[in-house]
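For reference, the chains in residue letters:
There are 2 protein chains.
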Amino acid sequence: MTYTVQIKVMPLKELLDPQGKAIVGGLQNLGLKAIEDVRVGKNITLQINADSAGQAQQIAEEASKKLLANPVMEYFEVSVN
Amino acid sequence: MTYTVQIKVMPLKELLDPQGKAIVGGLQNLGLKAIEDVRVGKNITLQINADSAGQAQQIAEEASKKLLANPVMEYFEVSVN
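Those protein sequence lines, which keep their order, are chains G and D.
If you read the first sequence in my numbering, its first letter stands for residue 1, the second for the next number, and so on.
If you read the second sequence in my numbering, its first letter stands for residue 1, the second for the next number, and so on.
Chain G on its own, in the form it takes in the complex (with noise of 0.2 Å):
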């Protein structure tokens, strides 16, 4: 069966996000004062093929450690639909 996995991959929280920051100047500038932070990561949908939703996990885990998030800067979160 296939399923369809969500992996949100964003910066740790002790670090810096310029692109966020950067967000927030533009909103500002447009009006848009009560925003008072941004964050920006990725979000990746990926269609697994696997036997069960757990094993669906197993292999999104696997394809985020290895390939989708760099753990020195990101962490991520995977959720199975």
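Hints should not be assumed to be uniformly reliable.
Pairs involving identical chains hold if they fit within one copy or between any two copies, as the list cannot separate such chains.
Below are the BS3-like pairs computed for lysine-lysine, each with C-alpha atoms no more than 25 Å apart in a straight line [unchecked claim]:
id : residue 1 : residue 2
1  : K42       : K65
2  : K33       : K21
3  : K13       : K33
4  : K65       : K33
5  : K66       : K21
6  : K21       : K42
7  : K66       : K33
8  : K21       : K8
9  : K66       : K42
10 : K66       : K8
11 : K13       : K42
Calculated from the structure, these hints are not laboratory results.
Bear in mind that the values here come from a model prediction, so they are computed numbers and not experimental data.
Using the hints provided, position chain D relative to the given structure of chain G.
What follows is chain D alone, placed relative to chain G:
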């Protein structure tokens, strides 16, 4: 009150996603052959100062339309936590 809002910005389903295709190739070379399709988008986390969750959602949608998403190539989904 400060609300945490997640915005998921993904390439439109009708469009090719070359970055996703490259990742599928990379994962297959790493032996992860169960992964059939990958699409890559952005995940943006906002801290919004608003009176209600509904107002925070409205501000996030305005920010998406004005700056964060390109409607020619992308769609977005807003969720308030």
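Structure-based check of each hint:
1. K42 with K65: both (14 Å within a copy, 19 Å between copies)
2. K33 with K21: within (13 Å within a copy, 38 Å between copies)
3. K13 with K33: within (22 Å within a copy, 32 Å between copies)
4. K65 with K33: Intra 37 Å, inter 16 Å, cutoff 25 Å: inter-copy only.
5. K66 with K21: between (29 Å within a copy, 17 Å between copies)
6. K21 with K42: both (16 Å within a copy, 16 Å between copies)
7. K66 with K33: Cα proximity of K66 and K33: across copies only (14 Å, versus 39 Å in one copy).
8. K21 with K8: both (20 Å within a copy, 18 Å between copies)
9. K66 with K42: Close inside one copy (16 Å) and across copies (20 Å); limit 25 Å.
10. K66 with K8: both (15 Å within a copy, 23 Å between copies)
11. K13 with K42: both (15 Å within a copy, 17 Å between copies)
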